[in-house]
Amino acid sequence: MVTCALPLLSDKMAVAAGSGCLRPGVGTEIILPGVKVPRNFRLLEELEEGQKGVGDGTVSWGLEDDEDMTLTRWRGMIIGPPRTIYENRMYSLKVECGPRYPEAPPFVRFVTKINLNGVHNSNGVVDTRAVSALAKWQNSYSIRVVLQELRRLMMCKENMKLPQPPEGQIYTN
Amino acid sequence: MAENSGTDPTVDSNVVENAASDRTMIVVTVKTPKDKEEITISEDSSVAQFKEEISKRFNAKQDQLVLIFAGKILKDGDTLNQHSIKDGLTVHLVIKTAPNDTISSASSSGTPQANSSVNPSSAPNDSTTPDTGPTPASTQPPNLLSGFGDLSNLSGMGMGSANFMEMQQQMQRQLMSNPEMLSQIMDNPLVQNMMSNPDLMRQMIVTNPQMQQLMERNPEISHMLNNPELMRQTMELARNPAMMQEMMRNQDRALSNLESIPGGYNALRRMYTDIQEPMFSAAREQFGNNPFSALGGNLDSGVQPSRTENREPLPNPWGPPGTTPLESRGTGASTTTTTSAGGTAPSASNPLGINASGLGNGVFGSPGMQSLMQQISENPQLMQNMLSAPYMRSMMQSLAQNPDLASQGSNPTATTNPSQQQQQLMQQMLQMFAGGGGGSLTVTPEVRFQQQLDQLSAMGFINREANLQALIATGGDINAAIERLLGSQPS
Numbered sequence: 001m002v003t004c005a006l007p008l009l010s011d012k013m014a015v016a017a018g019s020g021c022l023r024p025g026v027g028t029e030i031i032l033p034g035v036k037v038p039r040n041f042r043l044l045e046e047l048e049e050g051q052k053g054v055g056d057g058t059v060s061w062g063l064e065d066d067e068d069m070t071l072t073r074w075r076g077m078i079i080g081p082p083r084t085i086y087e088n089r090m091y092s093l094k095v096e097c098g099p100r101y102p103e104a105p106p107f108v109r110f111v112t113k114i115n116l117n118g119v120h121n122s123n124g125v126v127d128t129r130a131v132s133a134l135a136k137w138q139n140s141y142s143i144r145v146v147l148q149e150l151r152r153l154m155m156c157k158e159n160m161k162l163p164q165p166p167e168g169q170i171y172t173n
Numbered sequence: 001m002a003e004n005s006g007t008d009p010t011v012d013s014n015v016v017e018n019a020a021s022d023r024t025m026i027v028v029t030v031k032t033p034k035d036k037e038e039i040t041i042s043e044d045s046s047v048a049q050f051k052e053e054i055s056k057r058f059n060a061k062q063d064q065l066v067l068i069f070a071g072k073i074l075k076d077g078d079t080l081n082q083h084s085i086k087d088g089l090t091v092h093l094v095i096k097t098a099p100n101d102t103i104s105s106a107s108s109s110g111t112p113q114a115n116s117s118v119n120p121s122s123a124p125n126d127s128t129t130p131d132t133g134p135t136p137a138s139t140q141p142p143n144l145l146s147g148f149g150d151l152s153n154l155s156g157m158g159m160g161s162a163n164f165m166e167m168q169q170q171m172q173r174q175l176m177s178n179p180e181m182l183s184q185i186m187d188n189p190l191v192q193n194m195m196s197n198p199d200l201m202r203q204m205i206v207t208n209p210q211m212q213q214l215m216e217r218n219p220e221i222s223h224m225l226n227n228p229e230l231m232r233q234t235m236e237l238a239r240n241p242a243m244m245q246e247m248m249r250n251q252d253r254a255l256s257n258l259e260s261i262p263g264g265y266n267a268l269r270r271m272y273t274d275i276q277e278p279m280f281s282a283a284r285e286q287f288g289n290n291p292f293s294a295l296g297g298n299l300d301s302g303v304q305p306s307r308t309e310n311r312e313p314l315p316n317p318w319g320p321p322g323t324t325p326l327e328s329r330g331t332g333a334s335t336t337t338t339t340s341a342g343g344t345a346p347s348a349s350n351p352l353g354i355n356a357s358g359l360g361n362g363v364f365g366s367p368g369m370q371s372l373m374q375q376i377s378e379n380p381q382l383m384q385n386m387l388s389a390p391y392m393r394s395m396m397q398s399l400a401q402n403p404d405l406a407s408q409g410s411n412p413t414a415t416t417n418p419s420q421q422q423q424q425l426m427q428q429m430l431q432m433f434a435g436g437g438g439g440s441l442t443v444t445p446e447v448r449f450q451q452q453l454d455q456l457s458a459m460g461f462i463n464r465e466a467n468l469q470a471l472i473a474t475g476g477d478i479n480a481a482i483e484r485l486l487g488s489q490p491s
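From first to last, the protein sequence lines are chains R and U.
Using UniProt numbering, the final residue of the first sequence is 173, and nothing's skipped along the way.
Using UniProt numbering, the final residue of the second sequence is 491, and nothing's skipped along the way.
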C-alpha cells in the first residue's frame with residue numbers, strides 16, 4: 001500500500017490525515033474548512049470504504065489492481081435497481097481518478113454494455129454533462145457518489161424502460 | 001433472517017471441512033440489498049467454498065449467487081486471498097433468480113389468473129404465463145424470465161417479497177422491452193378468447209386505477225368504453241398489429257393533412273393535449289403500446305380498419321348524408337360521444353368549433369352551404385369522410401400553399417360565379433377553419449411545434465435541433481418523435 005511517503009504540506013493537513021484517515025466506520029473525513037485533503041489520502045479512504053461495503057450495498061468499488069500505487073484505476077459495480085429494466089443485472093465500470101482528483105471529477109465508463117441516457121452507445125463512456133454529480137463536481141464527492149448517481153439515473157422514468165442489450169456483453173474499445 | 005455471527009453449527013462445519021489444516025478463520029460480512037449475514041470462513045478458501053457457505057445461510061442455490069467485492073465479481077475459481085478479502089470486510093451478494101428453474105413454477109403460479117377481481121387489468125398479462133412460460137424460455141435471454149422468476153417466489157398468490165403489483169409491472173416491462181413476446185402473447189388463443197369478450201375487457205380496464213383517473217379527467221373516455229362496438233374494434237386492433245398499423249397510418253396521414261390547413265395545427269394541438277396525451281401516458285404505463293391511441297380524440301380516420309390494406313373506394317363526401325357508408329362506426333361512435341360533450345365548442349370531433357348557425361352571415365349566404373355546415377356539425381363523421389377524400393386533401397394542400405386563393409374566398413361577390421362555386425366552397429371552408437382555429441398561414445415549424453418542443457425538453461431531450469427535426473418528420477406527433485430521437489441517439 002502507499003505509505004506516508006507523501007509530503008505533508010502543512011500542519012493542518014497533518015491534523016486531517018492523522019485524525020481522519022483510515023479510521024474504520026462511516027464518514028471518516030473530518031472536514032476542516034479550507035483544508036484540501038491530499039489525493040492519496042482521499043483515495044485510500046475510498047478504498048477502505050469500498051472494502052467495508054459502506055453504503056446501501058447496491059454499488060461496490062475498489063482498485064482495479066491492488067498493486068496500483070497511484071490509486072488511479074478503479075473498478076466499480078452497480079447492481080441494477082429493482083423494478084427497472086436494469087434489474088438483476090450487474091454493471092461493471094471503470095473509474096479513473098486523475099492526478100487532480102478530488103478537485104477534478106473522475107472519468108467513468110461502463111464496461112458492461114448498457115443503454116442509458118448519458119452513456120455513449122459505442123464505448124460506454126459516461127458523458128460528464130449528463131451526470132449531475134460529474135457536471136457539478138465537488139471535492140467532497142467520491143466514487144461512491146458517482147456510482148450511486150448513475151444508479152439513480154437508471155431509475156429515472158426516461159431510462160427505466162429503455163431496451164437493453166443482452167446480458168453479459170461488454171464494450172470492446 | 002436473524003443475524004448469526006459465527007454460531008456453533010457454522011463453526012463446527014468449518015472446522016470439519018478444514019480439519020486437516022489449521023487455517024485462520026475470518027469473519028466476512030455478506031450483504032445483500034435486503035440482508036446482512038456474517039460468515040466465518042477460512043481465509044484460504046476459494047470463492048466456491050465461500051459460496052457454499054453462503055448458499056446454506058441464505059437458502060439459495062450456489063449458482064444463483066453473485067459475489068461482488070471492491071467493484072469486481074468474484075469468480076468461483078478465485079480465492080479470497082486473490083481479492084484481498086480479509087477479516088471484517090464486506091462482500092456484496094446478489095441472488096440471481098436463475099431462469100431455468102422457474103418454468104415449472106411459472107405454470108403453477110398461473111393461478112393468479114383465476115382471480116380476476118384482484119388485479120383485473122393485469123389478468124391478460126398474467127394469464128398468459130402458463131402458456132408462454134415454457135415457449136420463450138429456451139429462446140429468450142435470461143433477464144426476460146426473471147420476471148417469471150419472481151412469480152416463482154409467490155408461493156400461492158400475492159405472498160412473498162414481490163407483491164402482486166410489482167411482479168405484474170415487471171411482466172409488463174418485460175413485455176414492452178420484448179415485442180416478440182407481446183406478439184406471442186397476442187397469438188395465444190387464450191388471450192384472444194378473452195379479448196373477444198368486450199365485457200371482460202371493459203371491466204378490466206375500468207377497474208384499473210390509472211384508467212379510473214383518466215376517466216375522471218376525460219368523461220369521453222368512459223363513453224367510449226361503454227360502447228361495445230367500439231370495444232370490439234379496439235380489441236381487434238390490439239390483436240392484430242397489421243390492422244393497427246393500417247389504422248395508425250391512416251390517422252397519421254389525415255392528421256398531417258389537417259396540419260396544413262391554417263388553424264388546423266392549433267386544433268390538433270388542442271386535441272392532443274386534451275385527450276391523447278393523458279391517454280398515452282396512462283396507456284403507455286399500462287400496455288406498452290397504446291391500443292386507444294387511434295380512438296381517443298381521433299379526428300380523421302374515416303377509413304375502415306381492415307386486416308389487410310384497405311382497397312375499398314373512399315366515400316363520396318358530397319353525397320347525401322344518409323347514404324354515406326358507416327364505415328368507421330367505431331371511431332364515429334367515439335367522436336359522436338365527444339360531440340355530445342362539446343356542443344359547438346372545440347372538442348375532439350369538432351375541433352374547430354364549427355358553429356353552423358354562426359356562419360350564416362355574408363359569405364355563406366347560400367342555403368345549400370348552410371345546410372352542409374349544419375350537417376357537418378351534427379354528424380362529425382361526415383366531416384371525417386369529407387376530409388379523407390383524396391381530392392379533398394390535395395385541394396386543401398394546394399389551398400394552404402396558396403394563400404392568395406384563400407383570401408379570394410372572402411370576397412362575397414365572387415360567390416356568384418357558378419363555375420368557381422365548388423372551389424370557393426372550399427375556400428370558404430378554409431376561412432371558416434381559419435376563423436375557428438385562429439391560426440395564421442405563415443407559421444414556422446418551430447412555432448408550430450413549440451408546445452411539443454417544450455414537452456420534449458421537459459422530458460430530457462435537450463438537443464433542440466434534433467427534437468425539431470424529429471417533430472417535423474413525424475408531423476408533430478410527440479410519441480413518434482420520441483421514438484425517432486431514441487432510435488438515433490448516439491449516447
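Because the hints were derived from the structure by calculation, they are not lab data.
Be aware that one or more of the hints could be misleading.
What the hints assert, rightly or not - Residues of chain U clear of chain R, computed beta-carbon distances all greater than 10 Å: (1) Ala60; (2) Gly77; (3) Arg249.
As the list claims (entries may be wrong) - Straight-line C-alpha distance at most 27 Å; calculated DSS-like pairs for lysine-lysine: (4) U:Lys56 <-> R:Lys52; (5) U:Lys75 <-> R:Lys52; (6) U:Lys86 <-> U:Lys96; (7) R:Lys113 <-> R:Lys157; (8) R:Lys161 <-> U:Lys96; (9) U:Lys56 <-> U:Lys75; (10) U:Lys36 <-> U:Lys86; (11) U:Lys56 <-> R:Lys113.
In this text, all values refer to a predicted model and were calculated from it rather than measured experimentally.
All C-beta atoms, glycine included, are put in the ideal place defined by N, C-alpha and C.
Original post:
In ascending order, which of the hints set out earlier in this document are inconsistent with the structure?
Top reply: 11
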